[in-house]
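Protein chains in written order, with numbering that gives the first Met the number 0: chain A, 0 to 294; chain B, 0 to 294.
Simulated from the structure, these hints should not be mistaken for laboratory data.
A few of these clues could be false.
Note that identical chains are pooled: a pair holds if it fits in a single copy or bridges any two copies.
What the hints assert, rightly or not - With a cut-off of at most 27 Å between alpha-carbon atoms, the simulated DSSO-like pairs for lysine-lysine come out as follows:
1. 215 x 121
2. 215 x 289
3. 290 x 215
4. 121 x 290
5. 289 x 121
There are 2 protein chains.
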Amino acid sequence: MRLILPALILLFPGLAAAAAAPSPAEIVAQAPNADWSDVAPERLLVMKLADGGRVVIELAPEFAPVHVANVVRLARSHQWDGGAVTRVQDNYVVQWRVHDEASPLPEGFMARPPAEYERPLKGLDYTPLPYPDPYATESGIASGWLVGREGAQIWPAQCYGVVGVGRDMPPDTGDGRELYVVNGEAPRQLDRNLAVVGRVLQGMEHLSALPRGTGKLGFHTDPRQDVPIASMTLAADLPAALRPAMQVMRTDSQSFHDYLAARAARRDPFFVHPAGGVSLCNVPVPSREKKTKHD
Amino acid sequence: MRLILPALILLFPGLAAAAAAPSPAEIVAQAPNADWSDVAPERLLVMKLADGGRVVIELAPEFAPVHVANVVRLARSHQWDGGAVTRVQDNYVVQWRVHDEASPLPEGFMARPPAEYERPLKGLDYTPLPYPDPYATESGIASGWLVGREGAQIWPAQCYGVVGVGRDMPPDTGDGRELYVVNGEAPRQLDRNLAVVGRVLQGMEHLSALPRGTGKLGFHTDPRQDVPIASMTLAADLPAALRPAMQVMRTDSQSFHDYLAARAARRDPFFVHPAGGVSLCNVPVPSREKKTKHD
């Protein structure tokens with residue numbers, strides 16, 4: 000076979016490319032350092048579960064500045080410390096709250112934030128995705144975030160790992176003291192209905208693998224089922240050595256372009272039928288923890 | 000307020016409908032018995048995990064008859080008993096295998112099934128979904144299954160809870176001794192690349208909440224991490240009292256029509272912005288366990 004293969008490639012040059020086509024994961028693994036950008040520690044929340052699990056969340060002040068500011072103020076006043084996961088609904092969301100919703104609100108906290116559910120396209124770099132989206136006129140990537148678009152407005156899509164703000168019935172918008180993360184098929188029906196404050200970059204498995212709540216909507220039926228949160232802290236407020244050095248792939252890079260193309264048409268050897276398209280939430284922006292001398 | 004509300008409804012009759020619009024879950028809960036059909040016990044697999052969790056799977060012989068026949072033959076020869084979940088990859092699949100892949104194959108077992116990845120539309124009832132699909136010319140519902148379509152061919156979509164056959168590199172198609180279930184954002188890139196043999200109707204949380212494997216692709220790195228399976232049995236082979244009385248909603252019923260419309264445009268009170276569309280995998284066909292005198 001070793002002798003035959005080069006001859007075949009000579010006869011059918013396409014075979015060489017087909018045989019060598021990298022998978023999306025390989026493209027990500029091989030992406031040069033220049034195709035990654037550091038996430039500023041002011042944009043990172045570090046959640047520590049009481050059992051030691053660490054979840055790193057990138058904040059999205061571009062989309063919900065007031066809600067994000069509230070979440071950060073709660074972090075700086077340690078209101079997440081001693082909080083708990085109170086809801087785990089299969090194929091939907093995992094939800095958590097501050098330690099005590101009766102605690103005094105931190106200075107500058109906005110009790111009734113506006114409905115930050117969408118924003119103007121203007122001011123962000125935007126690239127459309129060339130595949131149809133059942134939830135939007137168009138979908139695309141805006142300054143590194145997966146978004147839907149209608150006219151001049153865009154909104155972050157409620158994809159797996161996206162973190163949003165729980166709320167009551169409208170006009171309530173939530174104030175940030177209850178957060179959720181999507182843990183299943185993207186519930187895009189929530190697009191433009193809830194404020195998105197971020198996305199999980201690392202440690203999602205500490206939330207997604209929690210036992211499902213048995214109450215209505217996956218809520219726990221007994222506080223003893225709640226999963227305690229040790230702390231949720233802005234990375235900028237942590238000692239430098241404890242800050243996760245997270246990077247996200249630049250969505251204007253060649254690597255991301257190749258990753259997107261490979262996600263839409265898998266030509267690595269396992270596949271027999273490339274789809275020729277991909278849904279917005281199936282091109283999560285790759286992230287990684289930068290290797291440091293300590294590693 | 001009680002006095003004012005009827006007056007408002009009188010002035011704006013639309014408000015009454017808006018206020019009363021049921022959620023998809025309410026539509027399912029209120030669906031009359033005639034809108035449900037029983038799943039034959041010959042089409043149901045009952046998987047018992049060693050810890051007692053029960054997972055009920057509806058088989059899909061319409062789409063992969065040879066693979067399904069293999070899985071059933073393995074069940075009848077008890078080869079799933081003592082099997083194990085060996086892979087749990089976050090936002091992708093949970094995978095399990097028979098007790099011993101070196102065991103003699105049951106009579107009639109087909110070691111090399113054909114690539115049952117798609118089939119003709121002809122012979123099934125088919126209704127298109129009126130929303131665009133990035134993975135297919137069209138998506139729709141064929142005899143109760145969520146499918147993609149291209150020309151006269153259809154295939155089951157790899158949605159959350161769908162059960163497929165693990166395989167090696169093509170032309171291998173898998174023989175049914177390794178199965179997986181989708182536990183995250185639908186990996187539709189797998190459509191037409193793997194044989195679908197069924198879908199989980201009940202007990203998904205026993206698989207989806209398992210701790211994620213830490214090896215490559217979520218495989219366990221130590222057999223002691225494997226999650227033991229007590230048995231996987233065709234419901235028809237169980238004593239009548241132990242057969243789960245599962246029903247799926249008739250997709251030609253008014254209830255399903257209303258459920259689909261509500262999934263595509265949420266008008267129940269929580270929502271402020273109905274999407275106007277829905278993705279194929281976000282309209283899972285509702286199922287329930289029929290209440291019996293024993294309940």
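Okay, the hints, checked on the actual structure:
When the C-alpha separation of residue 215 and residue 121 is checked against a cutoff of 27 Å, the pair qualifies neither within a copy, at 41 Å, nor between copies, at 41 Å. When the C-alpha separation of residue 215 and residue 289 is checked against a cutoff of 27 Å, the pair qualifies only between copies, where the shortest distance is 19 Å, while the shortest distance within a copy is 40 Å. In this homomeric assembly, residue 290 and residue 215 come within 27 Å of each other (Cα to Cα) only across copies, at 19 Å, whereas the closest approach inside a single copy is 43 Å. For the homomeric pair residue 121 and residue 290, neither the shortest alpha-carbon distance inside one copy (35 Å) nor that between copies (55 Å) is at most 27 Å.
Neither within a single protomer nor between protomers do residue 289 and residue 121 lie at most 27 Å apart by alpha-carbon distance, with minima of 31 Å and 53 Å respectively.
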